[in-house]
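Sequence lines, in order, name chains A and B.
Under this note's numbering, the first residue of the first sequence is numbered 1, with each subsequent residue one higher.
Under this note's numbering, the first residue of the second sequence is numbered 275, with each subsequent residue one higher.
Please keep in mind that the hints were generated in silico from the structure rather than gathered at the bench.
Given the structure is predicted, the values throughout are model-derived calculations rather than measurements.
Among the clues, some could well be false.
What the hints assert, rightly or not - Part of the chain B face toward chain A, derived, beta carbon under 8 Å:
(1) Pro-350
(2) Ile-437
(3) Thr-442
(4) Cys-468
(5) Arg-471
(6) Glu-490
Even glycine gets a Cβ: it sits at the ideal position worked out from N, Cα and C.
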Amino acid sequence: MTIAGEARALSALGAGRAQPLLTGTPWRGAALLASGFLVVAGLTRAGLLPAAATAVAAIAAVHGTLLATAVAWSDGRAFERERTGPTLVLAAVLVIAAAATAVHPLGAVMYVAPPLVTAVLLDPRRAVVPSRGILLVAAVFGCGLGAHILLAASATLDHRPHVPGLTAAVAALGYDVGANVLSAECFFRGALFDRLQRRWSFTAAAGGSTGAYLLRYGLDPLLPKTPEALIGAAFYLGLLGVFNCWLVWRSGSILPGIVSSLLFFTAYRLLTTG
Amino acid sequence: MSEDGRRATATWIAVVTAGLLGLTAALASVESAETSLIREVYAVPVLAAALRFGLPGGIVASGAAIVLQAPFVLPPIERTPAAALPAVAGFTVVAVVGIPAGLLTTRVRRRHARYETLLAVQRILGGQPCLDTALKRLCASLQRRLGAVAVALVVRDGNAVTIGGGRTMAPGSPLHVVCETGRPLFIADAGAECRPRRLFAAPLGVGERAGALAVERWGDIDTDEREAIVALAVHVGLALENARLAARQRRFADELAHKVAAATERLEEADRAKSTFVAVTSHELRTPLTALLGFSELLWLRRYPTEEVQRLAAIMHVEIARLVRIVSDVLDLSRVERGAPLPLRRSALAVEPAVAAAVALFRVQTPVREIVLDCAPDLPAVDADGDAFDRIVKNLVSNALKYSAPNGVVRVCARAAPGAVEFTVEDSGRGIPEIARRRVFEPYYRAPDAVGAARGEGIGLAVVKALVDAHGGAVTVASTPGIGTRVTFVLPAVS
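The following block holds chain B by itself, in its conformation from the complex (with noise of 0.2 Å):
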């Protein structure tokens, strides 16, 4: 109770003892009390300590008004006891106006109190997201309504148990038999101080496990009482279970905000992408076609001694068949997108000059830039298409000469391992990010600093990987940002 409202109760107390006693006074003085109206006043304070302190004012205060009065209009003891029956029946007034008034009252109060406290709870976890925090807040807030010496509460949801009022749930203790039976307990004296202790605990919600609320009070725990904590576990188990959906609701709800805007920037990056690509494709079918076209003008118009027009044709066979690994690499990427298998004419592979010719194009292109070979000797044999086997090695050399300085070296590589060959391109370019890394072998992409260095649509190393996995292989890339980049490739060995 707080400063003001023990200053209040004290000041009631007084008024109403002092309204008694100043009536006895008056009684006491006059000659014929047995008859005199003050004793009817007696209701006045009694009535009063009734409507502040309820029943137990009531009792309490129509008590000490018969006590009081009783030497003053009560009869000499000789006289026959139907001379005592208007005393009496001025007692039962007073008694009759004292008890029920404050029953009233006290049933008025407890509902009320009942009310205050189920907004209470409703409000409490409601407006609190953590569990663990809204139980600690509802057991404190519950201890000061109910008058307890202490509340607690375990809330089970699965396996996970939440507890408030405590830390621990022993086997065997009260919350723990109510939690196991689903039945109200209740126990006279919970403690061995020298007061006892009550405690009554309730199941919460209505026919499930979901936990228990138990409370704790020096003093009564009342039939009537306790079918109100009973009702108030329900109510609390209920609002639980509404916090708890609420809870999902909104986490439901942001995971799928979260999943349709990673779904949005995916669809959103693979666009960009297909633009990028187009765009990309198309200006590099333009650029040896605008090649092929004007070598073929030349030819058709001009006359050419013989080395000249060989010249021209070997530059019109550069072109096109660029042409031709632009276009493979497409429709390869295509079939791997849809899921179909690549068609692979798989036969024993001789490593050195497979490799050698895959190069040599390269050789001339780009005679500026050194192609280092270095294939180990005795290699077996690799069980590969020749053509795929090509476009891989190719796809993976001009990527090196594409992000080499332009007096970088590029060397490729190929070693034996069990059961595999092993074969290594490696540059002494950029290098590729972290970041980038992760993400190089997926169709389209490019890594940021890549894509204003070097032309390219973003498919060579998805096509690479395609057609390693389709050859029951593996590759890796590793690189360090400012030394170079080294792409690992297996195939398997002829047996």
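In isolation and in its complexed conformation, chain A is listed as follows (with noise of 0.2 Å):
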């Protein structure tokens, strides 16, 4: 044990070397929900199930393996064990919303769960509550970027910003609140990048936590893939992912980083939700 206010440098604790990078991801898991999608998709495919259940499935299936890889990331006691409970109960909890808004779209209201399990199965030692100065400066960033997209899609795209009608906007801030941003946050700002700051510099954790976090959007099926949308995505979630690694590197937290994002994808939707 160190003495309290005494230096790392004079203990044995801090002399500890980190554990390998993928230590703890929950392998089984993310096959069984990979095995999962693509036995509805084929399903789909043979016309057995419903268009919307392939999207349901995608939606627990990437969602899920990010949340429950954050999770277990954040889990000292996962270097011991992998456990497939924790994938298995977000991947339940995503596919009862997702399901619930394929059928309505207040059904949305269900991505309420997501967050609270998560919250839940984190390892409490990791939960930090910010500063209230950092938590303004996350939402005033992402007020400014949201109203940057929409500023210059409307000067360069011609694009204008409409408000969405009630259930649309449910739907979507439902979605961007129990698995988009909160998957994103979870998983490569809280676990990611959070593993690479304790290895390299900010610099190079936030570049591969964003690089990857750009190319889980690039892959998105959701995202067009015109050049400009391409190139407007790299910008701002560009941005977006180093001004979140910035706020994790500073208060320790993801939440100020979960605020910038949601202001900025409201502040997408109003150009893509119609």
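Reassemble the complex: the two chains are provided individually, in unrelated frames, and hints are given to aid placement.
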């Protein structure tokens, strides 16, 4: 044990080496989810399931894997043995939320469940309450970036923002709160960036984490594959990714990043949701 | 950061942000933003941010300036890429102003901070004589100056280890490793907190394992800073070495001054003692000589009856014996001081007759004081020089009589001891204080309270000790102030 206020350099604990980067990854759970997605996709293609089932399975597989990995990496006991339970629980919650949304847009309120389940599953020792100042900075940045995308899209792409209907707004917001933003911040900042920053400098860790973040959205079938959309996504998501990494670096918490991302994606939905 | 510093930072951020937003609003309001000169003014808040906040400020401000003006100066997406070149050139100008200016500012600040830190190290280690306190102050100062969460310092001087920034150094800890290997060590995460805790440790001094300095920080410790910490550790090592040498020099000078003062005092005391000895001895010699001169003149000039002549001759004999004793003592002491052995003609000496003969003279001289002789029966003979034995007893009895009360009793005892005979001369005088008791056998030493009380040269007990030692015996003194003194000496018996 170290004495409070004492330098780690005097303690044997200070010389501890970092675990390998991918230690604790729930590989079995991820494989299970991927298999489930492939089965559902096959059944949908065969006409045995409705088309929405593929989207539900995809949401559960992708976001479930990201959230489960974040949960497993946050757990100090993850080094001992792999636990598939949290992965399946998260996937089940996501399936329920996505299915409810597919049945009716207001079913998106079910997306409040994944953040709650994630909060329960995350190692409480990693819980940090950020300062109000950093939350304010995050909110200002999210609003600024959101305003910028609206302004730039209208000025250069002639896209006009419009206010969506209530049901569409609830569905989009629910998806962002319960899946999109939550899984991205938990995995890319809370897990991946956290592990990288414990090995490398901020620049390298933020670069690696943001690169993976861009890759995830680049592969997202929901993103239009036009050059201007890809360049815009790379620009805005790159900025958002780096800034959110800085927020984690500065505060040790992913909450400010969730705030800035939610505000930005809210603005983004004003362009895309119709 | 202080409250004032925080307020100044917030003010600067507000001013730069307001400047950028104001320029953007102005740019949005003009007809042809692409060719407007307002774009060039973006360099002003960017430069201000770079000069105030260094490289991070330059990067953030120039990035913000580019992002803010982009929607207004970039052409619509359907136009050719060449149309975007003027806007891109404007972005480049902003970046070229912000980033290098920030870089230079950061470098200048770091260099300035390093000089300040080195000066602080020098001041702390130079002005604090206690190493433990100096290290604690140094750690606190470095922690503040380096923006560290903790600073630890280990200084080794032989087997002694002094630690700053903590209490103990665990085996296998980063500082222990650096102390043992003498090589710098960087650990990207030294803790299990929510934020990574960087740790960099460097050895103190150059080429020797004198200790190590460790800096821990939330945030990066880049290569440039690590090099600076290595240089700082070397400087700390040298400053510590200088402080140590200065302390050693001070200690040496103090010890030397102390020794010189003690030696001077001893010399002065010896000088005083010899002067006193010369004066006292002259007086002691003159007294019997005066008596001898007076009595011899009487015998020469007048005619006395036989009984009176015998009485005067007896007095003259006593005075001559006193002269002989004084001269013998002085000669013996002189031999002892030169380191020459005392000439002894040892033989088997019967104790009781020898003691009685030595005491007989005093019985004649001081009839009012009682001298009790107490020799155990069947004592073995001692292996001693008869003349030396006589002087030993006479010196001790003479002293005992001198310091006894007018009607006091002096006891002279002899007892058998294993392989020896133990003699005791005991008086009922004023006694010797504890502080003087330890020095009574030193030549020329006289207890301060004895100087005015009785005549003496301060050599009697020194001669007694020299003679007893020359016989292979031992002499001790025990005394209780106000009750009396007992001197005991032991001489070897004839085997």
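Hints and how they fare:
Proximity of Pro-350 (chain B) to chain A holds as hinted, the smallest CB-CB distance being about 6 Å (cut-off 8 Å). Using the Cβ-Cβ criterion of 8 Å, the hint placing Ile-437 (chain B) at the interface with chain A is satisfied: the shortest such distance is roughly 7 Å. Taken as an interface hint, Thr-442 (chain B) checks out: its beta carbon lies about 7 Å from the nearest beta carbon of chain A, inside 8 Å. Restraint check, Cys-468 (chain B) versus chain A: the minimum CB separation of about 3 Å is within 8 Å; hint holds.
At about 7 Å, the closest approach between the beta carbon of Arg-471 (chain B) and any beta carbon in chain A falls short of 8 Å, and the interface hint on this residue holds. Taking 8 Å as the C-beta contact cut-off toward chain A, the hint placing Glu-490 (chain B) at the interface holds, the least distance being around 6 Å.
Violated hints: none; the structure is consistent with every hint.
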